[in-house]
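Student: One-letter residues, chain by chain:
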Amino acid sequence: GQNIDQPTEMTATEGAIVQINCTYQTSGFNGLFWYQQHAGEAPTFLSYNVLDGLEEKGRFSSFLSRSKGYSYLLLKELQMKDSASYLCAVRDIAGNTPLVFGKGTRLSVIA
Amino acid sequence: EAGVVQSPRYKIIEKKQPVAFWCNPISGHNTLYWYRQNLGQGPELLIRYENEEAVDDSQLPKDRFSAERLKGVDSTLKIQPAELGDSAVYLCASSSSGGYNEQFFGPGTRLTVL
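Protein sequence lines, in the order shown, are assigned to chains A and B.
Each residue of the first sequence is one higher than the one before, starting from 1 at the first, in the working numbering.
Each residue of the second sequence is one higher than the one before, starting from 1001 at the first, in the working numbering.
Accuracy of the hints is not assured; some may be wrong.
Said to hold, decoys possible - Restricting the straight-line Cα-Cα distance to at most 20 Å, the calculated cross-link-like pairs of lysine to aspartate or glutamate (DMTMM-like) are:
hint, chain 1, residue 1, chain 2, residue 2
1, A, Lys76, A, Glu55
2, A, Lys76, A, Asp92
3, A, Lys57, B, Glu1102
4, B, Lys1078, B, Glu1050
5, B, Lys1015, B, Asp1063
6, A, Lys103, B, Glu1044
7, A, Lys103, B, Asp1086
8, A, Lys81, A, Asp5
9, A, Lys68, A, Asp82
10, B, Lys1011, A, Glu14
11, A, Lys81, A, Glu41
12, B, Lys1071, B, Asp1086
Claimed, not checked - From chain A, some residues computed to sit far from chain B (all C-beta separations above 12 Å):
hint, residue
13, Gln6
14, Asn30
15, Gly53
16, Glu56
17, Ser108
Stated by the list, open to error - Derived contacts from chain A toward chain B, CB cut-off under 10 Å, selection only:
hint, residue
18, Thr8
19, Gly15
20, Phe45
21, Gly58
22, Phe60
23, Ser85
24, Leu87
25, Gly102
I should point out that these hints are in silico values taken from the structure, not numbers from a laboratory.
The C-beta atom is built at its ideal place from N, Cα and C for all residues, glycine as well.
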């Protein structure tokens, strides 16, 4: 079976750092994606991890541990526009196979 | 480069009526996906096309849902008849072959069935 868990909601303060965790159990693994989705809009790609370790891209970083079935998305210097849902998604085999998405974490950034 | 285009953006219908959604993927993307996203949930795959062939439709409720991708470009997803539980956002995504196959999503069609 496939199962992806993330917290439902988080709140953080403007300018702060927030870490959104994702754990997964899938029959196979060939990459983990993080997407950002503002209300009423399409998911947009943030990051991709296939090997263990940290990938940094500006204010956003994503970490993966395949042995633990664990990833996190780290957002630094939070801005109000970062208020959105953050979706963790796993591809369990190679190629153009569909992603299995978690339910998403709704992040609220407050002043 | 134009993104994935979907229409309509919003649709309100009464139950038992038919409805159709249209998707135009990014030019050159061979793979097209239809997802359904319920409120507070992540997207769930309905069907995946490789060019004009449906290669994964195991999650498509075939008694009422149908899809086509003639000529391997645009795609249409149809529901007939619609039920109350079909209210959701229907997302279309596309990806190219090779690489890590990032999926690009369209803005979605928000369907409300009354």
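Student: A separate judgement is required for each hint: does it hold in the structure or not?
Tutor: A quick look at each hint next to the structure:
The suggested pairing of Lys76(A) with Glu55(A) holds, with an alpha-carbon distance near 14 Å, which does not exceed 20 Å. In summary, the hint linking Lys76(A) to Asp92(A) is not supported, as the alpha carbons are separated by about 29 Å, beyond the 20 Å threshold. With a CA separation close to 16 Å, the supplied pair Lys57(A) and Glu1102(B) stays within the 20 Å bound. The straight-line distance between the Cα atoms of Lys1078(B) and Glu1050(B) is roughly 19 Å, inside the 20 Å bound, and the hint therefore holds.
Our distance criterion of 20 Å between C-alpha atoms is met by Lys1015(B) and Asp1063(B), whose separation comes to about 15 Å. Among the hinted pairs, Lys103(A) with Glu1044(B) is consistent with the structure: their alpha-carbon atoms are about 10 Å apart, no more than 20 Å. About 18 Å separates the Cα atoms of Lys103(A) and Asp1086(B), which keeps this hinted pair within 20 Å; it holds. Our distance criterion of 20 Å between C-alpha atoms is broken by Lys81(A) and Asp5(A), whose separation comes to about 24 Å.
Pair hint Lys68(A) plus Asp82(A) does not hold up; C-alpha atoms about 28 Å apart against a cutoff of 20 Å. Note on Lys1011(B) and Glu14(A): the hinted pairing is violated, with a Cα-Cα distance of about 36 Å set against a maximum of 20 Å. The hinted pair formed by Lys81(A) and Glu41(A) meets the criterion: a straight-line CA distance of about 13 Å does not exceed 20 Å. As the CA atoms of Lys1071(B) and Asp1086(B) are separated by approximately 28 Å, the hinted pair breaks the 20 Å bound.
Annotated as non-interface, Gln6(A) brings its C-beta within 12 Å of a C-beta of chain B; the closest such distance is 9 Å. With a least CB separation of 9 Å from chain B, Asn30(A) falls inside the 12 Å interface cut-off, contrary to its annotation. The beta carbon of Gly53(A) sits about 16 Å from the closest Cβ of chain B, which is more than 12 Å, so the claim that it is off the interface holds. Listed as a non-interface residue, Glu56(A) keeps its Cβ farther than 12 Å from every Cβ of chain B; the least gap is roughly 17 Å.
The Cβ of Ser108(A) lies farther than 12 Å from every Cβ of chain B, with a closest approach of about 14 Å, so its non-interface assignment holds. The restraint placing Thr8(A) at the interface with chain B holds, with a minimum CB-CB distance near 8 Å, inside the 10 Å limit. The restraint placing Gly15(A) at the interface with chain B is violated, with a minimum CB-CB distance near 28 Å, outside the 10 Å limit. Evaluation of the Phe45(A) hint against chain B yields a held restraint, the C-beta minimum of about 5 Å falling below 10 Å.
Hint on Gly58(A) is violated. Least Cβ distance to chain B is approximately 17 Å, over the 10 Å limit. Interface hint at Phe60(A): violated, since its Cβ lies 15 Å from the closest Cβ of chain B, which is beyond the 10 Å cut-off. This hint holds: Ser85(A) has a C-beta 9 Å from the nearest C-beta of chain B, less than the 10 Å allowed. The closest approach between the C-beta of Leu87(A) and any C-beta of chain B is roughly 5 Å, which is under the 10 Å cut-off, so the hint is satisfied.
Interface hint at Gly102(A): satisfied, since its Cβ lies 5 Å from the closest Cβ of chain B, which is below the 10 Å cut-off.
In summary, the structure is inconsistent with hints 2, 8, 9, 10, 12, 13, 14, 19, 21 and 22 from the numbered list given earlier, while agreeing with the others.
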